[in-house]
Amino acid sequence: MSFELILFYLFATVLTVAALGVITVKNSVHAALLLVLTFFTAAALWLLLQAEFLAIALVLVYVGAVMVLFLFVVMMLDIKVEPLREGFVRYLPIGAIVAVVMLVEMLGLIGLKTMSAQALPADPAGASNTAWLGKALFTQFLLPFEVAAVILTVALIAAVMLTLRRRVGVKSQDPAKQVAVKASERVRIVKMESASKGGTP
Amino acid sequence: MLAEYFPILLFLIVAGGIGIALLLVGAVLGPRSKNKEKSEAYECGFEAFEDARMQFDVRYYLIAILFILFDLEIAFLFPWAVVFKQIGLVALVEMAMFLALLLLGFVYCWKKGALEWE
Amino acid sequence: MLSNFFHSWIHDPLIAHAGTFGLVVWLVLCILAIAVPVILTVALYVWWERKVLGWMHVRMGPNSVGPAGLAQTFADVFKLLLKEYFMPQAASKFLFVVAPLIALVPAFAAWAVVPFDDKVVLADVNAGLLYLLAMTSLGVYGIILAGWSSNSKYAMLGAMRSAAQVVSYEIAMGMALVGVLICAGSLNLSDIVRAQGGNWGIFNGFWLPLFPLFLVYFISGVAETNRAPFDVAEGESEIVAGFHVEYSGAPFAVFFLTEYANMILISFLASVLFLGGWNSIFPVSWGFLGAPGWWWLFVKAFFFAFFYLWFRAAFPRYRYDQIMRLGWKVFVPITIVWVLVAGCLVYFDIVGPGKV
Amino acid sequence: MSFSIQDLQLILPEAFLLFAICAVIAVDLVIKPAQRDATHWLSIGVVVATLLLVIIDRSADARGFSGMFVHDAVARLLKVFILLVTIAVFVYARTYLKDRKLFVGEFHMLVLFAVLGMMLLVSAGSLVMIYVGLELLTLSSYALVALNRDSPLSSEAAMKYFVLGALASGILLYGMSMIYGATGTLDLQKIHAVASLAAGSSHQTLLAFGLVFLVAGIGFKFGAAPFHMWLPDVYQGSPTAVTTFIGSAPKIAAFGMAWRLLDGALGGLHPHWGEMLAVLAVLSLAIGNVVAIAQTNLKRMLAYSTISHVGFLLLGLANGTPSGYAAAMFYAIAYAIMSAAAFGSIQLLARAGFEAEEIDDFKGLNQRNPWYAFVVLLVMASLAGIPPLFGFFAKLLVLKAALDAGMLWLAIVAIVFAIVGAFYYLRVIKVMYFDPPETKDTLALPQDIPLRWVLSINGAALLFLGLFFGPLLSWCYRAMGAG
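In order, the protein sequence lines correspond to chains A, B, C and D.
Just so we're aligned, residue 952 is where the first sequence starts under my numbering, counting upward by one.
Just so we're aligned, residue 7 is where the second sequence starts under my numbering, counting upward by one.
Just so we're aligned, residue 121 is where the third sequence starts under my numbering, counting upward by one.
Just so we're aligned, residue 1335 is where the fourth sequence starts under my numbering, counting upward by one.
These are computed hints drawn from the structure, not numbers from a lab.
Among the hints, erroneous ones may be present.
Claimed, not checked - The calculated PhoX-like cross-link candidates involving lysine-lysine, where the alpha carbons are at most 20 Å apart (straight line), are: (1) K1366/D to K117/B; (2) K449/C to K40/B; (3) K1764/D to K1697/D; (4) K1366/D to K1435/D; (5) K117/B to K203/C; (6) K1122/A to K118/B; (7) K203/C to K40/B; (8) K1494/D to K118/B; (9) K1122/A to K117/B; (10) K1366/D to K1432/D; (11) K977/A to K213/C; (12) K1435/D to K118/B; (13) K1128/A to K449/C; (14) K449/C to K118/B.
On a predicted model such as this, the values are computed, not experimentally measured, just so you know.
Just chain A, same shape as in the assembly (with noise of 0.2 Å):
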């Protein structure tokens, strides 16, 4: 066996363990985080698979941004877990079921790997996976490229419209403002008469 194969064994291991944590654990905090780890193990598969740039994609993605969001929501919104869990054994069966067929039919896949109409190319040369994918991202697949810009404006748009409310009542200064005020704006002054003159003692 070579030390390869037992690497892949190992973060094999390593993402099933952990993938079934996260569905598992009672703290949901843990939960993220295993699934943290899950994301990891499967980088450095992909890593094994020689997907450089894909794999480290995946953790500056996927651990670093969006795990980060899953856990400022769980952190935060204090989800009690223990409601959440009823349904678990309930529907412990069924969730058996559709685990069973997939993993039959991922037996099928393994058993067909190697009937794929055509290899699919290597990396041409051994050049830099990064400068292959961007090659194949900016000339084939330029009109989905620029259609995920359009996705990722949406979601923008849609994460700003759904999440942000003006708060009431805040007061905050704007420095800009503040230096430019002017003596007149701040202090009137009023003639007034004198008092003495009415004569009173």
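Model the placement of chains B, C and D on the given structure of chain A, informed by the hints.
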């Protein structure tokens, strides 16, 4: 390629080892004395009224969402930056459009006040 | 050269006698050769910081322990290790212990790809820059977990503030990296340094064509490490020490180490990415002065590291809304626009590897 | 493989739409809330202009962007009707949204983005394009459903829609990845070539697995039983203006997607997916029609009616012949127009603080406003499939295609459930014409002239297209290349 990543794996392990070693040294050398007052959360001196894990302003989530979106854009920019010279003008225009859309979304956020921190 | 010496005296015999295992031992030695100096540098840096702050305040700084107070930090470290550390009653035990580790590991692991000299780099990976960004983005976990697991209000507030801040500045930082990438045409850090070599010395560095990005990068780096003037996460007057308020003894030392290791890392990266790394600041033709070497990298890094201290001594702390405004409303637009400008500059061959 | 100017020509309407959306956003950011009408009319103008661009485009069929984008008669036909229905959606929405303080620029932006997604979806030439087009459509739809974010019902609907929609996308993507694994290509045409060759070989197992996931994903997006759980809640929970949109044009796009995937890519596997679709069709017809009878909420009833109509549509798709596809396409278009009119009439009756979404709200409509009662009559009768209306011919065509393909029992099941289904549509008509109104006062309809006119035209179109269905039908047949 994998040979180049192996040191990184080792580094992760060694760094973890250094951290664990420090913590262990502290645990072994440091004194221990149990005291109820000491193990309370650090606050103003009263006992804490409530759990510290409260709900937070939705603004924090919004920041996190915006961060994800921009992070994704950066992930797209990386392969582009490596190859755009070889592809030429098309790639430049493509990314200009991509960034223009991004900027539009950004202007939208700005105008709506999503970047305002009151 | 020094590295050749080690290679022939340690690496070769190890491989010859112990094969793969020998390779692992060799790599671990290399890693320690990076990690231990980093730790020592942190100690010296802390001493230097206190000295500089002292001088700027017209006082002495540490001066009693060891020559010129040099051993002061070491004394502090031993003090911290010998102190009791306790855990708040309401804390999540496991996460409370693990959080410092999670903070420390990425801060150290990022060093794996830093090129100290030509071919003197532990992991010469193709996607080095991306790896760096990924590691930086992991730093936020230590903060969030520490803050949350402590179950204390100050820690929680500090963690939230600092997480949102770190995350905001990461965008600007990532964009600045993209600018560098455009100019260098490679994600490999050694290639990036080589692309800044040439006959103009320091003016071959990317800081010139990417000046706005250069500024944005370093300032974001300061904000990323939660240092003054962006240190609201641990604004003493408001929320005591922020996310690590409940930590004491050794775990606190780990957080401390992480913060300073990160600062030094940012200083090194700024030098590598914008100032030409190990290249001399003088033209190559100037003989001894123009010869490239690791010492140049260290000089440049020292320069940035000093800036950190200078900022701390000179600037008042930003308000939180000002920090967020700077990150989102100033840096993000600047970087987006400048990325495009950089693209045009490179496309029209005004800037590129080997050009000014 | 690279990009050329011809590609831009092919995609001109979409490119124009994208730039116009950017302009709409820019305008909306500049104007004051009181001038929001500008956004509204500009959006309608944008859709009309895009429609014109699609119509005047007489260029030959072609594939552009490395086969990512397909320009053909089917895509053009579907786009025309997507855009037409969208115009109606915008016009219906104005007063309704204003009354509820929901008249915001985001509604227009998101609808326009969704339209762009649909146009790309029906022109997709690759699995990737199918996916990104679909995501653009659904992401906009999720946000639209949650438009009224202060309403718990609306938020709940959006949540359900989002979670199940994401699940469906995941399933679809999983199926796509299997198909990619089996064929080694993402291009629909190439998949078609490989998948057809593979028929009978060991390849088929993998493809069939992928196909199951694909069909499940399509079923989810259509809202076909047993993947219909989200549909009633979403229809009921979202603001009616949004229901009008997600209940109409996306059905046309979903047809386009299903056709491209099933026939365009996996035509060789028709024996497999034909059966699956037949099962989905029967289940949808049964569940949709039977459960709809029990509903008192009109929006919910129309949701179940959607499920039953999807059943009919799938019946057309299932038989796998060009005439079947043409019938299904005709049906999808007919349904979208009918659905827009149905939800449009709910919006006509709605006022501030009153949703008019219960069937009882329509009591005695004839006495209060005979013309709009007649429009609703046309809509309901058309949905029920009563001759000589549009809906009748749509049903007839599908049944004829099914009979031609030898699917006798399916046709019988469809007829039986169509008759069952007629009951609940007729109930609405009965309520309008034979029940006394709950209030005596004449109906205060909104002073929204465009709304009244477009709704009247929409209702009249059901009659007109029922009487003169020939041109549309032959257009569908020609596009599909059927005799």
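**Report entry** Holds or violated: K449/C to K118/B, with C-alpha atoms at most 20 Å apart
**Finding:** 13 Å, holds
Query raised in the report: Within a Cα-Cα threshold of 20 Å, do K1366/D and K1432/D meet the stated pairing?
Result: 15 Å, holds
Query raised in the report: Does K1122/A pair with K117/B here, judged by a C-alpha cut-off of 20 Å?
Result: At roughly 19 Å apart (the allowed maximum being 20 Å), K117/B and K1122/A satisfy the hint.
Query raised in the report: Quick one, are K1764/D and K1697/D close enough, alpha carbons at most 20 Å?
Result: 9 Å, holds
Query raised in the report: Straight-line Cα separation of K1494/D and K118/B no greater than 20 Å?
Result: 27 Å, violated
Query raised in the report: Quick one, are K1122/A and K118/B close enough, alpha carbons at most 20 Å?
Result: Distance of about 18 Å is within 20 Å: holds.
**Report entry** Restraint check for K203/C with K40/B, where alpha carbons must lie at most 20 Å apart
**Finding:** Answer holds: K203/C to K40/B is near 14 Å, not above 20 Å.
Query raised in the report: Given the hinted pair K977/A and K213/C, is their alpha-carbon gap at most 20 Å?
Result: Holds. K977/A to K213/C sits at ~15 Å (cutoff 20 Å).
Query raised in the report: CA of K1366/D to CA of K117/B, is that 20 Å or under?
Result: 12 Å, holds
Query raised in the report: Straight-line Cα separation of K449/C and K40/B no greater than 20 Å?
Result: This hinted pair is violated, its Cα atoms lying about 49 Å apart.
Query raised in the report: Has the given pair, K1435/D with K118/B, been kept, meaning a C-alpha gap of at most 20 Å?
Result: With Cα atoms ~17 Å apart, K1435/D and K118/B stay inside 20 Å; holds.
Query raised in the report: Is the straight-line distance between the alpha-carbon of K117/B and that of K203/C 20 Å or less?
Result: 52 Å, violated
Hints 2, 5 and 8, counting from the list given before, are not met by this structure.
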